[in-house]
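> Since the structure of chain A is provided, determine the placement of chain B on it from the hints.
There are 2 protein chains.
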Amino acid sequence: MADRLTPRAENYAQWYNDLVLRADLAEHSDVRGCMVIKPHGYAIWEKMQAALDGMFKATGHVNAYFPLFIPKSYLAREASHVEGFAKECAVVTHYRLKSDPEQGVVVDPEAKLEEELIVRPTSETIIWNTYRGWIKSYRDLPLLINQWANVVRWEMRTRLFLRTAEFLWQEGHTAHATREEAIEETERMLEVYRRFAEEWLAIPVIKGIKTASERFAGAEETYCIEALMQDGKALQAGTSHFLGQNFAKAFDVVFTNKENKQELVWATSWGVSTRLMGALIMTHSDDHGLVLPPKLAPVQVAVVPIAKNEEQLNDLRGYVAPVLEALRARGISVKFDDDDTKKPGWKFAEYEFKGYPVRIAVGPRDMENGTVEVARRDTLEKQVMQVVDLDEKVEHLLQAIQDNLFQKALAMQEAGTRAVDTYAEFQEELEKGGFLLAHWDGTPETEERIKNETKATIRCIPLDGDTTPGTCMVTGRPSARRVLFARAY
Amino acid sequence: MADRLTPRAENYAQWYNDLVLRADLAEHSDVRGCMVIKPHGYAIWEKMQAALDGMFKATGHVNAYFPLFIPKSYLAREASHVEGFAKECAVVTHYRLKSDPEQGVVVDPEAKLEEELIVRPTSETIIWNTYRGWIKSYRDLPLLINQWANVVRWEMRTRLFLRTAEFLWQEGHTAHATREEAIEETERMLEVYRRFAEEWLAIPVIKGIKTASERFAGAEETYCIEALMQDGKALQAGTSHFLGQNFAKAFDVVFTNKENKQELVWATSWGVSTRLMGALIMTHSDDHGLVLPPKLAPVQVAVVPIAKNEEQLNDLRGYVAPVLEALRARGISVKFDDDDTKKPGWKFAEYEFKGYPVRIAVGPRDMENGTVEVARRDTLEKQVMQVVDLDEKVEHLLQAIQDNLFQKALAMQEAGTRAVDTYAEFQEELEKGGFLLAHWDGTPETEERIKNETKATIRCIPLDGDTTPGTCMVTGRPSARRVLFARAY
Numbered sequence: 069m070a071d072r073l074t075p076r077a078e079n080y081a082q083w084y085n086d087l088v089l090r091a092d093l094a095e096h097s098d099v100r101g102c103m104v105i106k107p108h109g110y111a112i113w114e115k116m117q118a119a120l121d122g123m124f125k126a127t128g129h130v131n132a133y134f135p136l137f138i139p140k141s142y143l144a145r146e147a148s149h150v151e152g153f154a155k156e157c158a159v160v161t162h163y164r165l166k167s168d169p170e171q172g173v174v175v176d177p178e179a180k181l182e183e184e185l186i187v188r189p190t191s192e193t194i195i196w197n198t199y200r201g202w203i204k205s206y207r208d209l210p211l212l213i214n215q216w217a218n219v220v221r222w223e224m225r226t227r228l229f230l231r232t233a234e235f236l237w238q239e240g241h242t243a244h245a246t247r248e249e250a251i252e253e254t255e256r257m258l259e260v261y262r263r264f265a266e267e268w269l270a271i272p273v274i275k276g277i278k279t280a281s282e283r284f285a286g287a288e289e290t291y292c293i294e295a296l297m298q299d300g301k302a303l304q305a306g307t308s309h310f311l312g313q314n315f316a317k318a319f320d321v322v323f324t325n326k327e328n329k330q331e332l333v334w335a336t337s338w339g340v341s342t343r344l345m346g347a348l349i350m351t352h353s354d355d356h357g358l359v360l361p362p363k364l365a366p367v368q369v370a371v372v373p374i375a376k377n378e379e380q381l382n383d384l385r386g387y388v389a390p391v392l393e394a395l396r397a398r399g400i401s402v403k404f405d406d407d408d409t410k411k412p413g414w415k416f417a418e419y420e421f422k423g424y425p426v427r428i429a430v431g432p433r434d435m436e437n438g439t440v441e442v443a444r445r446d447t448l449e450k451q452v453m454q455v456v457d458l459d460e461k462v463e464h465l466l467q468a469i470q471d472n473l474f475q476k477a478l479a480m481q482e483a484g485t486r487a488v489d490t491y492a493e494f495q496e497e498l499e500k501g502g503f504l505l506a507h508w509d510g511t512p513e514t515e516e517r518i519k520n521e522t523k524a525t526i527r528c529i530p531l532d533g534d535t536t537p538g539t540c541m542v543t544g545r546p547s548a549r550r551v552l553f554a555r556a557y
Numbered sequence: 069m070a071d072r073l074t075p076r077a078e079n080y081a082q083w084y085n086d087l088v089l090r091a092d093l094a095e096h097s098d099v100r101g102c103m104v105i106k107p108h109g110y111a112i113w114e115k116m117q118a119a120l121d122g123m124f125k126a127t128g129h130v131n132a133y134f135p136l137f138i139p140k141s142y143l144a145r146e147a148s149h150v151e152g153f154a155k156e157c158a159v160v161t162h163y164r165l166k167s168d169p170e171q172g173v174v175v176d177p178e179a180k181l182e183e184e185l186i187v188r189p190t191s192e193t194i195i196w197n198t199y200r201g202w203i204k205s206y207r208d209l210p211l212l213i214n215q216w217a218n219v220v221r222w223e224m225r226t227r228l229f230l231r232t233a234e235f236l237w238q239e240g241h242t243a244h245a246t247r248e249e250a251i252e253e254t255e256r257m258l259e260v261y262r263r264f265a266e267e268w269l270a271i272p273v274i275k276g277i278k279t280a281s282e283r284f285a286g287a288e289e290t291y292c293i294e295a296l297m298q299d300g301k302a303l304q305a306g307t308s309h310f311l312g313q314n315f316a317k318a319f320d321v322v323f324t325n326k327e328n329k330q331e332l333v334w335a336t337s338w339g340v341s342t343r344l345m346g347a348l349i350m351t352h353s354d355d356h357g358l359v360l361p362p363k364l365a366p367v368q369v370a371v372v373p374i375a376k377n378e379e380q381l382n383d384l385r386g387y388v389a390p391v392l393e394a395l396r397a398r399g400i401s402v403k404f405d406d407d408d409t410k411k412p413g414w415k416f417a418e419y420e421f422k423g424y425p426v427r428i429a430v431g432p433r434d435m436e437n438g439t440v441e442v443a444r445r446d447t448l449e450k451q452v453m454q455v456v457d458l459d460e461k462v463e464h465l466l467q468a469i470q471d472n473l474f475q476k477a478l479a480m481q482e483a484g485t486r487a488v489d490t491y492a493e494f495q496e497e498l499e500k501g502g503f504l505l506a507h508w509d510g511t512p513e514t515e516e517r518i519k520n521e522t523k524a525t526i527r528c529i530p531l532d533g534d535t536t537p538g539t540c541m542v543t544g545r546p547s548a549r550r551v552l553f554a555r556a557y
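Chain order of the listed sequences is A and B. Under the working numbering, the letters of the first sequence match residues 69 to 557, in that order. Under the working numbering, the letters of the second sequence match residues 69 to 557, in that order.
Just chain A, same shape as in the assembly:
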């Protein structure tokens, strides 16, 4: 805590990394590409999980658990799927170690698996192989299942939360009788993600559809939500895939329809991951450390007594006791920090750095005046408040902070989103960061050229917004509508 955090303006990447480490959110492990999620970081993830899990259940989904390992041949059954994941697979080849007099413990060559197992990079194949046994008739549909799990995609260059070899996520896998129903589900879950991002993470997002080249390996259509970070780079915050009948075909999953005919089943899958931790940090935090939306803060209010001696401390304990009780009765999480081995100044710095939304300081003079000092983390403002009805005022304040963070992020996103008409203008504006709305001729060749020349990708074809046709900024060919470009995480 002693050192100053590298300012965002100086080195954004360094700021992010320092912040994640020093706010005790996560750290790199000795295992290449794998992170350790520390208690403060994990507590935020738990809040995210609880909120999302509730939203999944409210839309009729149930949880289940499928194997960590996928036989190599399963992964290979859907051609574009294996092509997408083959280069980043952790492969289990043996199932035993043994002692070796010279080298210590070695892999036992006699315990070689007949078929290698892949540590799941995603679970479509193992799940659809299982669904074959579960789906016989239209009465078994829809099947609406979610899984909370760890997955592994081997990465050479990693960044905490944003890109790690192992990460935590949820993956929904649903099965439907018709194409329409499956598309409806894909869109429903995208809307769940949008609501979660905006109402919980306080991150405004743009809903859209990926181009063919950015599609999930094995999907017919990939929907996404895209967010804009403070450094002007985009971050994909969630995806929802319409998988058509691709996995049903690959795993022979058919059902008897109402007309007693056999049909292939329609599929969706959708997921968000611990990557959202990165989005949360990069959207709201500042040069003073972490800033958290109150709805996801592990502890919403820290109360710090300032006493010269044990007697004063005892008086302050009595003074704040009814306040603490009233706050907790409103469902507000509170930490009363009367640890006298640490100084108030140290505590203030700690709570500010770790993103506690509200900090209340209370000293002997407050007791005389019937007041407390309330500091809000988002604006760093302090104000003296009467202790009367403090619980109600703090509840409003937490809501105000939640709203303010969203509005601030929305203003940043709106200011960062511009329409550009020429490729020269595009390249110039791109250097300033942000979302650029531009016309594109719809071909993968032009998309590829723009990516190679500028490092910008098409984040999505927005579902909402301007649909006026125009001409491609690069080739001059007709464009159906503007699409959303940015450099991205």
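Be aware that a few hints might be false.
Copies of one chain are not kept apart here, so a pair can be met inside one copy or by any two copies together.
[To be verified] Cross-link-like lysine-lysine pairs, in silico, DSSO-like; alpha carbons within 30 Å at most: (1) 403 <-> 115; (2) 180 <-> 301; (3) 376 <-> 166; (4) 461 <-> 317; (5) 155 <-> 115; (6) 500 <-> 411; (7) 326 <-> 410; (8) 476 <-> 317; (9) 317 <-> 363; (10) 155 <-> 180; (11) 115 <-> 125; (12) 326 <-> 376; (13) 415 <-> 326; (14) 500 <-> 155; (15) 180 <-> 166; (16) 317 <-> 155.
These are computed hints drawn from the structure, not numbers from a lab. Being a predicted model, the structure only gives us computed values, none of them experimental.
This is chain B only, laid out in the frame that chain A set:
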């Protein structure tokens, strides 16, 4: 549901397996040794997780997440630890697949890891390697961390929930400044497990200490809770280990104490797993299917209307609406099943088989009489109840079912626990199943001989109960006290 369940008396193992499959709790996957936990089974596990997680947090623990992979050399650092786990390790050796014109997709030989990675069978090594960076001073202690995770221990012969290659669990890993504190923590968590087993699972358990030969690999002392199943076999339901300074030594984790001297840190670890699902099923269920303690039932009350036509069904909907609302207001989970594509008889069979604690049937005559028919799953008794104050009556009934299941299991455990004095008597009684309290001379040789000759193991040296000395039933040598024997899962 059509077929009769194999009765317990006929073939207990078959009964268990059929029940797990047909109550939609879990099934074997195509991946050797790995199970699929189906939604109904997973919903029970979620209830267990929520209860345990609350108990861990109430005792000051926080959650975190550590890597799935453990470098081989880490596992090898603590000698007895690696010896215990080497024979059941899934080993990752490569990180990429590639296309092969002849064989399709193959492991890329160029993507071989320099050091193999082990899929965690338990996380002491990776966690203590991490703790080295977190613990500097006595002020950093105690460190009270839990992890919810999947682990892999390769198994050739597997049984759903009881023994699978991959399973889900929680593992607590704590660090302390003194031996006494660490032992206190080990015992505290054992008591948490006992409370959870008895108050939530409704399974009475015996707390005790393992003999040296049954100790966790790397522990100084392993504490356990042991439960007795309906077939007279024992099941270890949770363990809590005092690890001494073994892992601190292996990973060089020292702290500066209050006297400013460097000391090795003291450790504990403790865990329960999806194995508890097996214990739950085998303790309470019967020849009619699953029986669940109400506190862990995903849905506590199923309400089934019996109507001849849509008009009657609508009337019944109106009749039960206030009842449903009143039940839910009490925090009771209710499913109102007005799906008219399924017959009431089918629904009754389904809810009975899947272990819904209370089933309420309501027909036109009930409306006339102001009644409903209430069936409890544990005793299969039915009674007609007035609808007035039904919510309160059902709340009491759920508590009565929870209590009855525990009392029934306790009676079974008590009846199955006998003291025996001679080895002949021991062998004879063992055939009847149950816990046998017998004198043992305290040597691993005698323990081994008994195990080889009878397949019975020392489940634990009970913490409570008779501590009168005696003579070993096998060797006649002095015995400090009776210990608990059984054949076990």
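> Now tell me, hint by hint, if it's right for this structure.
Hints versus structure:
no.: 1; hint: 403 <-> 115; in the structure: both (17 Å within a copy, 27 Å between copies)
no.: 2; hint: 180 <-> 301; in the structure: neither (45 Å within a copy, 35 Å between copies)
no.: 3; hint: 376 <-> 166; in the structure: neither (62 Å within a copy, 69 Å between copies)
no.: 4; hint: 461 <-> 317; in the structure: neither (58 Å within a copy, 52 Å between copies)
no.: 5; hint: 155 <-> 115; in the structure: neither (33 Å within a copy, 38 Å between copies)
no.: 6; hint: 500 <-> 411; in the structure: neither (43 Å within a copy, 65 Å between copies)
no.: 7; hint: 326 <-> 410; in the structure: between (70 Å within a copy, 16 Å between copies)
no.: 8; hint: 476 <-> 317; in the structure: neither (47 Å within a copy, 50 Å between copies)
no.: 9; hint: 317 <-> 363; in the structure: neither (42 Å within a copy, 42 Å between copies)
no.: 10; hint: 155 <-> 180; in the structure: both (22 Å within a copy, 13 Å between copies)
no.: 11; hint: 115 <-> 125; in the structure: both (16 Å within a copy, 14 Å between copies)
no.: 12; hint: 326 <-> 376; in the structure: between (78 Å within a copy, 24 Å between copies)
no.: 13; hint: 415 <-> 326; in the structure: between (66 Å within a copy, 22 Å between copies)
no.: 14; hint: 500 <-> 155; in the structure: neither (34 Å within a copy, 57 Å between copies)
no.: 15; hint: 180 <-> 166; in the structure: both (13 Å within a copy, 19 Å between copies)
no.: 16; hint: 317 <-> 155; in the structure: within (24 Å within a copy, 39 Å between copies)
Taken one by one, the earlier hints fail for this structure at numbers 2, 3, 4, 5, 6, 8, 9 and 14, listed in ascending order.
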